[in-house]
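Read top to bottom, the protein sequences are chains A and B. Numbering-wise (my numbering), the first sequence opens with residue 1 and increments by one. Numbering-wise (my numbering), the second sequence opens with residue 1 and increments by one.
Source of the hints: derived by calculation from the structure; they are not laboratory data. Some clues are possibly wrong.
Derived coverage of chain A by chain B (criterion: at least 3 residues anywhere in the stretch with Cβ under 8 Å from a Cβ of chain B; other residues may be distant) [what the hints assert, rightly or not]: (1) 87-100; (2) 154-165; (3) 170-180; (4) 203-216; (5) 239-249.
Just so it is clear, CB atoms sit at the ideal spot from N, CA and C, and this is done for glycine as well.
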Amino acid sequence: MPGTGPDGAVTEADVQRAVSGRAAPVPAEEPPEEAILPGVEVPHPKEAPPSDAQDRLSSLRRAIGSLMTRSKQSIPHYYVSTTLDLRAAIGWMQQVNEQRPVASRLVPSALLLKATAVAAREVPEINGFFTDGPFRPSSSVHLGVAVALRHGGLVAPAIHDADTLAVDVLMQQLRDLVSRARAGRLQRAEMADPTITVTNLGDLGVEAVYGVIYPPQVAMVGLGKVVEQPWAHDGMLGVRPAVTATLSADHRVSDGLRGGRFLARIDELLQKPEEL
Amino acid sequence: MNEQEARQAVHTAISQVAPDVDFDGLDEGSRLRQDLELDSLDFLRLVETINEGTGVDIPERDYAAVATVKGLIDYLAARG
Numbered sequence: 001m002p003g004t005g006p007d008g009a010v011t012e013a014d015v016q017r018a019v020s021g022r023a024a025p026v027p028a029e030e031p032p033e034e035a036i037l038p039g040v041e042v043p044h045p046k047e048a049p050p051s052d053a054q055d056r057l058s059s060l061r062r063a064i065g066s067l068m069t070r071s072k073q074s075i076p077h078y079y080v081s082t083t084l085d086l087r088a089a090i091g092w093m094q095q096v097n098e099q100r101p102v103a104s105r106l107v108p109s110a111l112l113l114k115a116t117a118v119a120a121r122e123v124p125e126i127n128g129f130f131t132d133g134p135f136r137p138s139s140s141v142h143l144g145v146a147v148a149l150r151h152g153g154l155v156a157p158a159i160h161d162a163d164t165l166a167v168d169v170l171m172q173q174l175r176d177l178v179s180r181a182r183a184g185r186l187q188r189a190e191m192a193d194p195t196i197t198v199t200n201l202g203d204l205g206v207e208a209v210y211g212v213i214y215p216p217q218v219a220m221v222g223l224g225k226v227v228e229q230p231w232a233h234d235g236m237l238g239v240r241p242a243v244t245a246t247l248s249a250d251h252r253v254s255d256g257l258r259g260g261r262f263l264a265r266i267d268e269l270l271q272k273p274e275e276l
Numbered sequence: 001m002n003e004q005e006a007r008q009a010v011h012t013a014i015s016q017v018a019p020d021v022d023f024d025g026l027d028e029g030s031r032l033r034q035d036l037e038l039d040s041l042d043f044l045r046l047v048e049t050i051n052e053g054t055g056v057d058i059p060e061r062d063y064a065a066v067a068t069v070k071g072l073i074d075y076l077a078a079r080g
């Protein structure tokens, strides 16, 4: 984990170095900008923590503030959102999980991440990097996944080539990544190169997330909470599990039509979960 | 498994998944997801840890019954 703060946390100094392009003194690693996830709040501690933890949190807050300011000042964001119908995906998952020991059960996030990665491959305008020159689409999909750390702060390491992984493999990698992120044992390559990031804050309760793009990426996908919704279909009203997916994307690279296409593809892919 | 053993098993498992949870003064009505802030992967690990520690397998269809600390203790006490 490349942060230089306590437990490998990313400090304001790390971010300042990232912005100014200077090298970090100790350890001699490049600044881990990627360790901070935009658009997501650092959880508040339930009690007054020791002062070093407080210092770390306020320093993280400032670091996130400077990065997000940079994002909002340089990236013309647009937002589109859609409701994903999860009836087929959740039904399939429950059926699969019924036959499995708990260690190999799936969670809805695994299906959502896989569908997002495949859709990102198909809509290249939201997968890649925009630095000074023209947009550079990425031929691979390295899916950044926001992981909230229990003592506050966030990291967004990548699942490499997520579009090519079987759902079971992606699920195991997700579990492994989250547990290592929380133990502070991420590898540098994982931190360095997400081509698009997903924040799954809905897992803890919000219905929709409007993320701030992490530069130099050009898109951030926010997934809300899986909820049962009344759903009209063929003139009949039923109840289906659904989730609100929101895309924040860079208008220098794409427009709402492409962004909408990307979200629509995620929904289409989720209708055939067995093929994911 | 009596209630005290179930409570101990639950505390042990929660401590592994969420080491910051303080059991002194913890309201057992606390919800694992919303109040203890376990996400879906944490929850899965909790179910797995309990399975390893007690042999009790909590199928997905019973997740709603174990959404609180108390619910989980009662579930184990009834089945362990």
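What hint numbers does the structure not satisfy? Failing hints, ascending: 2 and 5.
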